[in-house]
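**Student:** For reference, the chains in residue letters:
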Amino acid sequence: MQSMALPIRGYSESTGMLREIYDRMLQRPLPPVYRPSHGGAPGIIQAHSLDPRLIPMVFGTSSTLNGAGPLTWPERELVNTITSRLNQCFY
Amino acid sequence: MIADPRQAIESPRLQTISELAVAVTVAPWTVRRPAMLADDDILHVVALSSYFGHLNRIADAVAVPLDYTVQITPPHADPAVPAFPPAPEMFARSPAIQLAARPTTHAALEAWKAYVLERDDMPPMLTRADRALIASWVAEWLGDGTSAPSDAATSTATYRSFSDIELLRTLAETVTLAPWQLTDASYAPLRARGFDDAALFDVCVVASTAGVVSRIAVALGALDP
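Line by line, the protein sequences are chains A and B.
Residue numbers for the first sequence follow the working numbering, beginning at 1 and rising by one.
Residue numbers for the second sequence follow the working numbering, beginning at 1 and rising by one.
I should point out that these hints are in silico values taken from the structure, not numbers from a laboratory.
Watch out, some of these pointers could steer you wrong.
Claimed, not checked - Some chain B residues well away from chain A (every beta-carbon gap over 10 Å; in silico): (1) W29; (2) A100; (3) D202.
To be verified - Computed, partial: chain A to chain B, Cβ under 10 Å: (4) P7; (5) S14; (6) E20; (7) M25; (8) R28; (9) I44; (10) A47; (11) V58; (12) T61; (13) S62; (14) A68; (15) L86.
Predicted model, so just to flag it, every value in this text is computed and none were measured.
Think of the CB as a built atom: it goes at the ideal place given N, C-alpha and C, for glycine as much as any other residue.
Could you put the whole structure together from the sequences, leaning on the hints where they help?
**Tutor:** Structure below.
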């Protein structure tokens, strides 16, 4: 695991705009890849917490790519896995 | 290319998709039109892989909490893995397939791009000129000659010293070409220059966002018409 780099603010410690945005995101249907077992905000959304306004922008784009075709779900998973592996991201 | 034999690709279609994703991720100017994929399949692979690279970069940049219980030591990114190669030249071909053929993705990415690249914050956060400058570097590394350098990028409107600009360039380059190498040490020089966590995150986001935009432009432009 990389050493602590930039901090994140998770759901429980969030306030104000970040909390509102987390709540908005949690009400949306999330692709399975983002749904965490702990029930809080997905880690990759929390990873954007230093810029809360960015969150709906990025994940609004995500929903146009991850929940839609023409690629099938296994094909999308393949693209994402290959991309992550090459970017050496094991998240 | 994939070292893990458990990922043996069984069908020609999946093999083709995986090769395209590799090209987009490592060297988008090397993308070649796969005969067996329709235009909208190609566009989806290009856009999805480019987008997912942003998530990877942000996860590499911050302390991402794992969403699953770790039973064993999670795999480490190997910082010794060399950076991706920068593009050998700038490519400015009009894309054979337009992102606009995928209108919801296009609209969402345009809004994201405008938020990240067009706003003007007060220092230590990035000004509009800073953002344009970083985006121009990312375009250079990815071979994206499709947008003319903006006036903001070439003007002296960025107030930053030459040495600060070099530090920004180093961090942006790591984000773009070797995001697995991001550590505390990557941020230390700019912290010493007054960049706080939000400003450092902003640098990473600008580089990563510009990367999504340029990667899509170069990959789509590399396709034969």
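**Student:** Would you mind marking each hint as holding or not holding in the structure?
**Tutor:** Each hint, compared with the structure:
Its beta-carbon lying about 16 Å from the closest one in chain A, W29(B) satisfies the requirement of being farther than 10 Å from that chain. No beta-carbon of chain A is positioned within 10 Å of the beta-carbon of A100(B); the least distance is around 13 Å. Look at D202(B): its CB is around 7 Å from the nearest CB on chain A, not clear of 10 Å, so calling it non-interface is violated. At its closest, the beta carbon of P7(A) sits 6 Å from a beta carbon of chain B; the interface hint therefore holds under the 10 Å criterion.
At a threshold of 10 Å, the smallest CB-CB gap from S14(A) to chain B is about 13 Å, leaving the interface hint violated. Below 10 Å, beta-carbon pairs count as interface contacts, and E20(A) has none with chain B, the closest being about 17 Å; its hint is therefore violated. At a threshold of 10 Å, the smallest CB-CB gap from M25(A) to chain B is about 14 Å, leaving the interface hint violated. At a threshold of 10 Å, the smallest CB-CB gap from R28(A) to chain B is about 14 Å, leaving the interface hint violated.
Of the supplied interface hints, the one on I44(A) holds, with its beta-carbon coming within about 6 Å of a beta-carbon of chain B, less than 10 Å. About 5 Å separates the beta-carbon of A47(A) from the nearest beta-carbon of chain B, less than 10 Å, and the hint is met. This hint holds: V58(A) has a C-beta 6 Å from the nearest C-beta of chain B, less than the 10 Å allowed. The beta carbon of T61(A) is positioned within 10 Å of a beta carbon in chain B (closest approach about 4 Å), and the interface hint is therefore held.
With 10 Å as the threshold, the beta carbon of S62(A) comes within range of chain B, its nearest partner Cβ sitting at about 7 Å, so the hint holds. Contact between A68(A) and chain B, as hinted, is supported at the beta carbon level, the nearest pair being about 8 Å apart and thus within 10 Å. The beta carbon of L86(A) comes within 5 Å of a beta carbon in chain B, closer than 10 Å, and the hint placing it at the interface holds.
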